[in-house]
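Asker: Chain by chain, the residues run as shown.
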Amino acid sequence: MAAASVSTRSDDRLGFGRSSLSRLPDKALRWGLTVLAAAILLLILFFFIRLYIESRPVFSKFGVFGFTFDNNWDVSHSIYGALPLLVGTLITAATALIIGVPVAIAAALFVTELCPGRLRPPLTIMIDLLAAVPSVVYGLWGVFVLIPRLKPAEQWFTDTFHFIPFIGGAAVAGPNYFIGGLILAIMIVPIVSAISREVIATVPADHKEAALALGATRWEMIRMAVLPYSRAGITGAAMLGLGRAIGETIAVTLVVGNAPTIGKHLFDQGYTLAAVIANEFGEAANNPTHRAALIAAGLVLFVLTLVINAAARYFVVRGSRGRRIGASDAATAGAAAGLGG
Amino acid sequence: MNPQEAKEMTSEPPATTRGRFGREQGAATATPVAAPQQAGHRVTVGELNAYYGEQHAIKDLSIDFEPNRVTALIGPSGCGKSTLVRCINRMHEEIPGAYATGKVMVDDTDVYDSRVDVVAVRRAVGMVFQKPNPFPTMSIYDNVAAGLRLRGAKGSHLKERVEASLRSAGLWDEVKDRLAKAGIGLSGGQQQRLCIARTLAAEPEVILMDEPCSALDPIATLKIEELIDELKTKYTIVIVTHNMQQAARVADTTAFMLSGELVEHADTEKMFTNPDDDRTEQYVTGKFG
Amino acid sequence: MSAVPATTAFAPISGARRRKDQFMRGLLAAGTIVALIPLVLVIYYLLKRGLGAISWHFLSSDPTGNFLGDPGGIKSAIFGTIEMVALASVIAIPVGVGVALYLTEYGKDSRFASAVRYFVDVMTGVPSIVFGLFIYITLILSGNVGTFAGWKGSIALALLMLPIVTRSAEVVLLLVPDHLREAALALGAPRWRVVSRVVLPTALPGLVTGSLLAIARAAGETAPLLFTAAIVNGTTFNLGDRMNSLPLQIFTDVGQAQDRLVARAWGAALTLVMLILLLTLIARFVSRRSRLT
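Residue numbers (the working numbering), protein chains in the order written: chain A, 103 to 443; chain B, 59 to 347; chain C, 30 to 322.
By construction, these hints were calculated from the structure, which means they are not laboratory data. Where is the CB? At the ideal position from N, CA and C, for every residue including glycine. Hints are not guaranteed to be accurate.
[To be verified] Far from chain A, some chain B residues (derived; all Cβ distances over 10 angstroms):
# : residue
1 : 136
2 : 187
3 : 194
[Unchecked claim] Result set (BS3-like, lysine-lysine): computed pairs, CA atoms no more than 25 angstroms apart in a straight line:
#  : chain 1 : residue 1 : chain 2 : residue 2
4  : A       : 129       : C       : 137
5  : A       : 253       : A       : 366
6  : B       : 290       : B       : 328
7  : B       : 212       : C       : 104
8  : C       : 77        : C       : 104
9  : B       : 292       : B       : 281
10 : B       : 189       : B       : 290
11 : C       : 104       : A       : 253
12 : B       : 212       : B       : 189
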């Protein structure tokens, strides 16, 4: 460390040198915090590597593609092809998006553009409260309320529309893909709505006024000025919802049926990547291959959510142009609204 | 335009029996106003009071805007000239907590009449804003067509009207080869003329301009002032400006406002050479504001 | 026929347009109601089926593990949740605020800081079960298999809380006006004093709010605890032992076919939700007292 001298450091504007000793806390703080920040990066890298290492036994036995795309998850015979899990994950996530995203966007539009000012705070709080309910409570409610109550309606639906291929006319299982998707839809509404709200609020008043001044109705103004401008951001919000839906574990495993086959109908039992890990980990404790398979499933899940969330953030940032803290706010809204399971 | 809409339009009885706002019988019109679109429209403001929540921004203001004339509104910042103009096309009430009382007559119809559809008012009273605001996700063509499409115009008829509006705005020659390009790709002055074209395309009766040139360079400003001169043969124009030279150049009559009140309204030449009111004299000679 | 007739009046907008406007507005309102129905229903059923199960006995006795007879209460679950979340908070909040401090005070827009910010963002998207897996692999597999412990669950929860705390802390710290920092620096204060005497106190309510929300999140998580803390019946204050928790207790009870166990699950769920609601309310109250937002 340099001896006391005239210093040009920004926190020494009076130009008087200070003894190196008194600068120690500053340096310590700076280096301490930098190390902390670097540790985060290393942590993620480390976990990725460990995940991969632990799942290697099953990758070497079945190959990466074999594991991921084989349609045979047979624990009793030690065969691990994760396609049923992948398909189940996709079906439930798709259902969640189809149901949840329009509802979330409708709520976001209503709260920002249409509802009277006094209603805005309570409605916003209530929509955000959806995220405060823990996953396991949604699962509990799903098992004992949703499944029994919806079964007659599901049976009617599948009987009436039996000619549509995926809907089918089979007997409706209690826990099934649809209920899984529905619960996921409920869980992604708060986050998709919160971020959409942020994005919609950034639409400059200029454009909305231009539309109104041309003689547009409220809805026409939304269609002309708000939605096109918010397209990118809302897409990002939907993708964050997708990421959440894919990674959600507990609520899904309680209501999806946990059947390791590819169901042919919307109302069949199914399985997801996250659910299989939660469900089978107990019995896998003493079976290294099974354990490796579950960890491999976790790795696939990890990679999937990483990719989707990276893409999502790209869209959200693009959709929040003009606001410097846009991405931060949206991320905080997302973080607070809950991403996980 | 779908057959349903066409039917509704053509089956409208003439203005006399149905009333100018078309919703109810018994409007106060006796004489049919069958004049073609080009004839001027008078705007009469009667005892207008405008509020932003508690703040009383316009106080008992009455003013007459002659048909086919350009009237300039001048006054120091905060005097209420923008507010006045926004009351004419009822954009003022879009601000939360803002409202207005009084009458604003466009010809024989009070735009604040409860039977009048505010959306119809805004189509008929067009507005050009201070900052050019073409729709960022739309092409030049789509921007101009926006108002027309709302009313169901399609196909070749739409194309004709878009071209006519761009010509009227003096922009056609500059953009005719790139109608599909983004509206925001134009220069500031061109964007503002695009906004004017967009307003014209909606076939308004009155055109309001809120400091349309304040964000533009002198050459673009000049072009727009020339445009205003041409447009007044067809429309009644009210222009808010903080630039007195501009008022002197474009306006037939000028109104001076102060703290929400109308101080004086006279022929432009008189306003700037021999105003009646002392305050006007002080303002136009630069003693304040 | 011209599509748009020349008009001299305020021709009303066509009925079709008005109908569409009203229809779409109704649709958007309906969508909002649909979004809120599940919330109402969940709260309704929680109260309907959970209130009856809650009693002093319920809150003060441990689960007995019996299938028949008295299933016991949820005491160990409550204590376990409190203990594990407390430890997780002690880890995650200082680290999270520390990283946020680095990002706002030192790193700012540097490439390294941007990378850190990006990866913290990435962490918010990681499913919580993957965090559980991480901890399982690093702390349980490599050591003795089967050593589930409360503190390991805490670490998994801390990983979950970390990005939430960091993100919200960064937002709050950025709101502290620069001129406050500059005034202090101009007086000759060293950076660490500026941080501890000016920045942190000003940002404190916002930091507390963010932390409380992260704690509320962590309290409700099940997946990270599945293979780190495991489930056990007795109350223990030793974080080195296996430890029960409310979410795990509910999860296990839901899988049982017994009515009384299911009733306990509802009661535990209501308790958990009330705990989370309490934390959220306190967070909102604190945030209202902030001078920054």
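Asker: Hint numbers the structure violates, sorted upward?
Answerer: Hints 2, 3, 7, 11 and 12 not satisfied by this model.
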